[in-house]
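**Q** Chains as they are written, first to last, in the working numbering: chain F, 507 to 862; chain C, 33 to 299.
The set of hints was computed from the structure by calculation and includes no laboratory data. Be aware that a few hints might be false.
Pair by pair, the computed Cβ-Cβ distance ranges are [stated by the list, open to error]:
(1) Thr172/C with Thr556/F: 48 to 56 Å
(2) Asn73/C with Ala696/F: 27 to 35 Å
(3) Gly687/F with Leu213/C: 49 to 57 Å
Partial chain C-side listing against chain F, Cβ under 8 Å, derived [stated by the list, open to error]:
(4) Ala104
(5) Ala121
(6) Gly136
(7) Phe293
Counterexamples of contact, computed for chain C against chain F with all Cβ distances above 10 Å [to be verified]:
(8) Arg51
(9) Ser58
(10) Ser65
(11) Pro106
(12) Leu110
(13) Ala115
(14) Asp138
(15) Leu144
(16) Lys145
(17) Gln189
(18) Asp198
(19) Ala228
(20) Gln291
(21) His297
Every residue, glycine too, gets a C-beta built ideally from N, C-alpha and C.
What follows is the residue order along each chain.
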Amino acid sequence: MGDPRGLLNRRAAQPWVLAALTLLMLAVALLSVSLGAIRIPPERVLAVLTGSAGDPALARDALVVLNIRLPRTLLGLMVGAELAVSGALMQGLFRNPLADPALVGVSSGAGFAAACIIVLGDRLLAYAGVPGPLPYLALPAGAFLGGLSATLILYGLATRSGRTAVATMLLAGIALGALSGALTGLLTYASDDRQLRDLTFWSLGSLGGATWGKVAASAPLILPVLVAVPFLGRGLNALVLGEAEAFHLGIPVERLKRACIFLVAVAVGASVAGAGVIGFVGLVVPHALRLAIGPEHRLLLPASALLGGAFLVLADVVARLVAAPAELPIGIVTALVGAPVFLWLLLGRARVVADA
Amino acid sequence: MPEPALLSARDLTVTVAGRDLVRDVSLDVAAGSLQVIVGPNGAGKSTLLRLLCGELRPSRGQVAYGGEAVGAIPAWRLAAMRAVLPQAARLAFPFAASEVARIGLDGIGRGLKPRDRDAILARALDRADVTHLATRAYPTLSGGEQARVQFARVLCQMEAGRTVADGQVLFLDEPTASLDLRHQGALLDAAAALAASGVAVVAILHDLNLAAAYADTLLVLEDGRLVASGRPADVLRDNLIARVFGVRWPVGKIPGPDQPFILPHRT
Chain F
507 MGDPRGLLNR RAAQPWVLAA LTLLMLAVAL LSVSLGAIRI PPERVLAVLT
557 GSAGDPALAR DALVVLNIRL PRTLLGLMVG AELAVSGALM QGLFRNPLAD
607 PALVGVSSGA GFAAACIIVL GDRLLAYAGV PGPLPYLALP AGAFLGGLSA
657 TLILYGLATR SGRTAVATML LAGIALGALS GALTGLLTYA SDDRQLRDLT
707 FWSLGSLGGA TWGKVAASAP LILPVLVAVP FLGRGLNALV LGEAEAFHLG
757 IPVERLKRAC IFLVAVAVGA SVAGAGVIGF VGLVVPHALR LAIGPEHRLL
807 LPASALLGGA FLVLADVVAR LVAAPAELPI GIVTALVGAP VFLWLLLGRA
857 RVVADA
Chain C
33 MPEPALLSAR DLTVTVAGRD LVRDVSLDVA AGSLQVIVGP NGAGKSTLLR
83 LLCGELRPSR GQVAYGGEAV GAIPAWRLAA MRAVLPQAAR LAFPFAASEV
133 ARIGLDGIGR GLKPRDRDAI LARALDRADV THLATRAYPT LSGGEQARVQ
183 FARVLCQMEA GRTVADGQVL FLDEPTASLD LRHQGALLDA AAALAASGVA
233 VVAILHDLNL AAAYADTLLV LEDGRLVASG RPADVLRDNL IARVFGVRWP
283 VGKIPGPDQP FILPHRT
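Please construct the entire structure, taking both the sequences and the accompanying hints into account.
**A** Okay, here's the thing in structure tokens:
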């Protein structure tokens, strides 16, 4: 009889992996709340959070923690989780470790919609005779709708009589991404200085605009994604063998694919709405986790959510501190960290992607 | 009196782009029988298998499991009633071999105790002779080793399915294509043992000698039509081999003093 000992250990280790990642995420969150222009030691952060905010000695700290850093950190955790989970979902769906929402044009679609609203929104309002300025929610709502439309267009292009051709979807996605990128570029010619700055910030991503309002607007979108994820693991594991094989194993394949596509659109739309277009999180986090804990989706998906949140918040801390008091766009940090790590992973484990 | 057919197909026809890939095929597979489909390339063997396992809808005709139309059976219930060994499956992710085999247990074996599932997995790995590969990453295995891991996965699915479904069908699509001689024999022995335990087995084979050694019933496909079926000894005749396969290889005769040949032997 066999003793696949290493694997029994791998499965027994699962709760510990999630516990360790949760601790890591909490530690990074605490770091993010205490570091910044004003340094607040962790014990005082905890004092503020545990409700001694009435203490006059802590009043200034409480203001910084509760009004600025906590919403920013929470937004970062949510956006990071959304990006990493949508990356893991797409990779499972496409059976390709290099698939990513940014690759199939979902992120660029969301970004293009955001750019339209930044550059053209005021003018459209003026044409329509509605007194400006644009309502605060127009930008996030536009980004979300852009991501969703990109996904639906993509799905329409790649689906014939109820079956999605993965190769067509990848190629159509690349074309769609290039198109939205070009159109976004075109918009920069029509924008003034202020809009150009907004546009740059939006297209490279930032958690700078985080408020409790944004957190409250993002939370209802990430919740369905996080709730659905545990139910997709088994289906995605089977789908890795191939669509026909997944059907033989009793998976309702078309329904699973539709669920993945919808969840990716929701997660990416919500993340772009909350923090702009941030690359590499969806690519690097699941890939690194696969190398560390294996590709089993029932563990990979929740682990991606935890590590994605931690990774993005850490990147935000770096973005805030490196050029203080100015801030780098967070997308620059994730790309600077993510791209070399990704290359290193590719070179070190070439055979892992050789079959892709 | 013959056993009632576990799987029956009536007048199956599938037309793609004006061409009939499978034309008017009817067959019955009884519990406990091992039927082998043979035929030249492009005869429609794999298409017929995909029709029989419910993956492909026929343009005309019907497939039924125990009298129930396959299209009316939901995927999750069908998965307990039949398993399919694909020709070759590549994986882009570094799942370990035993994790791949375990995927066969995930859905159908949900009601089983963890200890029972571990026992089923261990038996399947052993039966497919991949126990020593259990912790290896699937993409790093050779083609034959990957095929055996897939067989272990299918065995897991069959054994888990047996706990919920009565009559089961096992489909094998060229299961021996990438295997060495020992594992060809071992795999077909395992399939024959399943048949002996009441499973209906339908396999596509290219090797007529293996087919002759293991099949209860041989089904010969040519241009999508079923041109002969019956006991191998009745079906494999010189004129049929010449007509269907286009070779004048005499059946059951020694080719000549200088040409060695190896005959499979059913153990």
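**Q** Now, for every hint given, state plainly whether the structure supports it.
**A** Taking the hints in turn, this is what the structure says about them:
no. : hint                               : result
1   : Thr172/C with Thr556/F: 48 to 56 Å : holds, 51 Å
2   : Asn73/C with Ala696/F: 27 to 35 Å  : violated, 59 Å
3   : Gly687/F with Leu213/C: 49 to 57 Å : holds, 56 Å
4   : Ala104                             : violated, 15 Å
5   : Ala121                             : holds, 5 Å
6   : Gly136                             : holds, 7 Å
7   : Phe293                             : violated, 36 Å
8   : Arg51                              : holds, 19 Å
9   : Ser58                              : holds, 23 Å
10  : Ser65                              : holds, 21 Å
11  : Pro106                             : violated, 8 Å
12  : Leu110                             : violated, 7 Å
13  : Ala115                             : violated, 7 Å
14  : Asp138                             : violated, 5 Å
15  : Leu144                             : holds, 15 Å
16  : Lys145                             : holds, 15 Å
17  : Gln189                             : violated, 7 Å
18  : Asp198                             : holds, 17 Å
19  : Ala228                             : holds, 22 Å
20  : Gln291                             : holds, 39 Å
21  : His297                             : holds, 28 Å
Hints 2, 4, 7, 11, 12, 13, 14, 17, counting from the list given before, are not met by this structure.
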